[in-house]
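**Q** Next come the chains, spelled out residue by residue.
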Amino acid sequence: MRVALFVTCINDLLQPRTGRAVVTLLERLGVEVGFPEEQSCCGQPQFNTGYRHATEPLVRRFHRAFREYDYVVTPSGSCAAMVRDNYPRIGAKAAAEGRGRELAEAAALAVPKTYELTEFLVDVLKVEDVGAYYPHVVTYHPTCHGLRMLGLGDRPLRLLRQVRGLELRELPGAEECCGFGGTFAVKNPAVSAAMGADKVRHVLGTGAEAVCTVDNSCLLHIGGMLTRQGAPVRPVHIAEILAGTEESAGTDTDRTEGGPPAARPEESAGAGDSGRGAEGGGR
Amino acid sequence: MSGTYLGMPAFPRAAAVSTRDAQLRANLTHATHTIRDKRARAVAELDDWAQLRAAGAAVKDRTLRHLDRYLEQLEAAVVAAGGRVHWAADAAEANRIVTELVRETGEREVVKVKSMATQEIGLNEALEKAGIRAYETDLAELIVQLGADLPSHILVPAIHRNRAEIRDIFRREMGRWGRPAPEGLSDAPAELAEAARLHLREKFLTAKVGISGANFMVAETGTLVVVESEGNGRMCLTLPETLISVVGIEKVVPTWQDLEIFLQLLPRSSTAERMNPYTSTWTGTVDGDGPRTFHLVLLDNGRTDTLADTVGRQALRCIRCSACLNVCPVYERAGGHAYGSPYPGPIGAILTPQLRGLAGPLEESLPYASSLCGACYEVCPVAIDIPEVLVHLRERVVEGGPGVRDGARVVLKPAKGHAAERAAMRAAAWAFDHPRVLRRGMRLAARTRRLHPRRLPGPGRAWSQARDLPVVPPESFREWWRRTRGGSSGQPSREQGDTE
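In order, the protein sequence lines correspond to chains A and B.
This note's numbering numbers the first residue of the first sequence as 1 and each following residue consecutively.
This note's numbering numbers the first residue of the second sequence as 1 and each following residue consecutively.
There's no promise every hint is true.
[Stated by the list, open to error] Quick list of the computed label-pair ranges, beta carbon to beta carbon:
#1 A:Tyr-133 x B:Ala-423: 43 to 49 Å
#2 B:Ala-427 x A:Arg-164: 43 to 49 Å
#3 B:Arg-96 x A:Ala-95: 40 to 46 Å
#4 B:Arg-426 x A:Gly-98: 21 to 27 Å
#5 A:Pro-135 x B:Pro-277: 52 to 58 Å
[Claimed, not checked] Partner residues are not named here, just some residues of chain B that face chain A (Cβ under 10 Å, in silico):
#6 Ala-16
#7 Glu-332
#8 Cys-373
#9 Leu-390
#10 Asp-433
#11 Met-442
#12 Gly-460
#13 Trp-463
#14 Arg-482
[What the hints assert, rightly or not] Anything over 10 Å on all C-beta distances counts as not near chain A; from chain B, calculated:
#15 Ala-26
#16 Glu-45
#17 Leu-71
#18 Glu-125
#19 Ser-229
#20 Pro-254
#21 Trp-256
#22 Glu-260
#23 Arg-313
#24 Lys-413
Read the hints as simulated data drawn from the structure, not as lab findings.
Quick reminder that beta carbons are idealized off the backbone N, C-alpha and C, glycines included.
Sequences and hints are given; from them, build the entire structure.
**A** As C-alpha cells, then:
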C-alpha cells in the first residue's frame, strides 16, 4: 500500500505541525508515508471564486504528483472535497469545451484514491482507537465540506471518543457553518464575522479548552476570532490530537505548540518561541 | 404603495447594514430556527424522502427538457376548458397584459393571492400607475403592503417583523386601506389574525377581479393549482367574476400523477406540514361556479435564457418552498432585503442573476453571497445543487463566457472591479504550479515572520477587522520534510514538471 500525504498549501505554510502530526500518526499505525514534493494547492480558492481555468494546471499537477500512489491522505475535509467533487466537474467542463478528455481522466484517477484523514483511518485502516492521549476538554466542530460534501458523519467523533484523557463536549449548533468560506470571509466580511461570532459563542459555552476540526482553514477563522477576544480556547486540528501519546506529551504535536490554554499570539510573536506561534519541536 | 427593489446596493453593502440590526437578527434567528427544526422533523417521518426528492428533480428536469411541448399542451387544455392564454416575454409585457385585462372589466380594485411571479414583475406598482389598487390578502403580504415594506422571505414575507411591529402597522395603516384595526388591538397572535380577517373579509366580498399565481400547472388537463394555508387564496380564486393568473412557464408538470410527488415534497419542506391545508385546483371556467372569466398569463422573463444554461437551469426546478432560506446561515444574518429581489436566500442568489442576467453590481454580487456550506442543497426537495450553480455563476462574473440573453446567444464580458482579484488568483495559481517559486516565497514568509502585522490595511482589513492573522511558523512542512527526510519523497515519484 503506497500512501502519500497531501498536506495542502495552507498547512504547508501556516500549520506545518498538522502535517507532521499526520506523519507521526500514520507511521505509528504502521503506514509508510510518502510526500511527493511536486504537490502544491488543490485549487479550491481559485475554483470557488470563479477561476476554473486557473485551476486546471493544479488538477494536472495533483494527478502527476500522486499517480504512483494507491492512497492520497489529506488532513483537510474541504481539499478532499475539492478533489472528489470538483475535479470531475473541471474535467467534464474542459471536455465540453472541446479540449479533450485529459483533465477528466486525470480527475477520474485522482478521485477514488483521495481520502480525508479520518476517512482513511476508519474506512481503510479500519481503526478507531489510534492509541492517542490528549488530556483536555475538547469540542468538535464538523466543518461543512467534511460534513456535507464528503459525508464524514461521526467518523471524527468515533476517533475522538477513543482518545485517552480526552473529554468530548457537544457543540450547540455544531452543523452550522463557521462563516469562513474561503474568499467569502473577505468578500462578505460582515456576514462572515457575524457567523463566526455565533460559532465562537457556542464554543465558549461548552467550556472546552480546545475546539477541534478536520480543517485548518476554518480554524484560522475561528481561532483568529478567539485570539482577538483573548479567549482561552485553542483551535486544534484533529490530526494533532490523534497523534498525541503519553510519551509525546510535551513534544512536537502537543504542548510546545500550544497545548491549552493558548497563549495569545501577540504575546508569543514578540516574546520568543513559546505558545501557539512557536514551532518548538524539530528545530 | 410599497417599496421597490430597484437600485438596491450590492449584497455586501446591504448586509453590512442589516447584520447590525439586532432586532432583525433576533426576529430572523427565532423564526428560521423554528421552521427549520419543524421541517427536519416532518421530513424525517418519511422513509422514502430521498426517493421522493429524486423523483421530484427527475420530473422537473424531464418537463424542462420538453417545456415547449408541455406548454402547448397546457395552452390547448386551458383554452378547451374555457380559459384564455396570454404569453408574456418579460415583466413589462406581463404587466401590460394584466393591466389591460383589469381595465376591460371596468374595475379599479383587485384582490390578490400571494404570488412570487407578480412580485417578480412588480405588478402592484404597475397597476397602481394605471389607477388600479391591488389588495394583498395573504396575512404576511398584507403586513408588508400596509407597512410600505418589501417581502424578505418567499414563504413568510414579513418574517423580519415581530408581533409588536405588526400590531403597530395594523393600528396605523389598516384604516387607510379599509376597515380599521379594532380598538385596543394587542400583539396577541389570535387578535392580530382576527383583525386581519375582519379587514380582508370586506375585500373578498366586494372584489370583482382576483389575481393569483400558481404553484403548479397540469398540462394534461389545463388545471392550475394553488397551495396555501390561510384560505385567503380559496376566497380570491372562487368569489371574483374574473380571475387572472400570472405563472412562470417552469411551473408546468405533465400529469396529475406527477403532481402527487410535489404535493408531498412541498408542504413538508415549506411549512413542515404533512398535508397542505388549502389546495385549490381549477380548470378553465365552469358555468354557475367560480369566476366566469379566466385568463392565464404565461411568464418567461428570463426563464428561457436560464434554461439555455446547462448548469444553471436546475434553478428552474424550484418549487418555492423556502427550505433553503430557513437553513441558510447567510440569510439568517443578512436578512432577505439584502438580496435585492423577491427571491432572497440561496435560491435567490442563483435565480436573480439568471432571470435578470448579470446586469449590475447587485446581480454580480449575489453568487458570492454564500460560504458554500451546502446546507441549502441538503434540504432542497428537488435537489438543486445551489453551491454548484453559485460557483458556476461566479465563473460567469469573473471570466465571462457564453450565455443567452433575450433568446440570443451572447458572449458575456467579465464583470468590472475584479481585475486585482483576477491577477492575484492567476498569480497564486501560477505560483502553485511552480513549486520552486512557491518554496522560495514560503521561505521568505517564514523568515520575515516577526515583521508580519497582526492587522492588515486595504482589502485585507476585511479579514483582520474581526480576526487575528495567523502567525507564520519558522519552517514550512516542506522544509521540515526535506530536513528530516533528506529530500526523499519517501516513496515513488520525484519532483518533476517544474518549468521554472
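**Q** Now tell me if each hint is right for this structure.
**A** Cross-check of the supplied hints:
no.	hint	result
1	A:Tyr-133 x B:Ala-423: 43 to 49 Å	48 Å, holds
2	B:Ala-427 x A:Arg-164: 43 to 49 Å	46 Å, holds
3	B:Arg-96 x A:Ala-95: 40 to 46 Å	45 Å, holds
4	B:Arg-426 x A:Gly-98: 21 to 27 Å	22 Å, holds
5	A:Pro-135 x B:Pro-277: 52 to 58 Å	56 Å, holds
6	Ala-16	4 Å, holds
7	Glu-332	9 Å, holds
8	Cys-373	4 Å, holds
9	Leu-390	9 Å, holds
10	Asp-433	4 Å, holds
11	Met-442	5 Å, holds
12	Gly-460	8 Å, holds
13	Trp-463	6 Å, holds
14	Arg-482	8 Å, holds
15	Ala-26	12 Å, holds
16	Glu-45	20 Å, holds
17	Leu-71	28 Å, holds
18	Glu-125	29 Å, holds
19	Ser-229	28 Å, holds
20	Pro-254	29 Å, holds
21	Trp-256	35 Å, holds
22	Glu-260	29 Å, holds
23	Arg-313	15 Å, holds
24	Lys-413	14 Å, holds
In the structure shown, no violation is registered for any of the earlier numbered hints.
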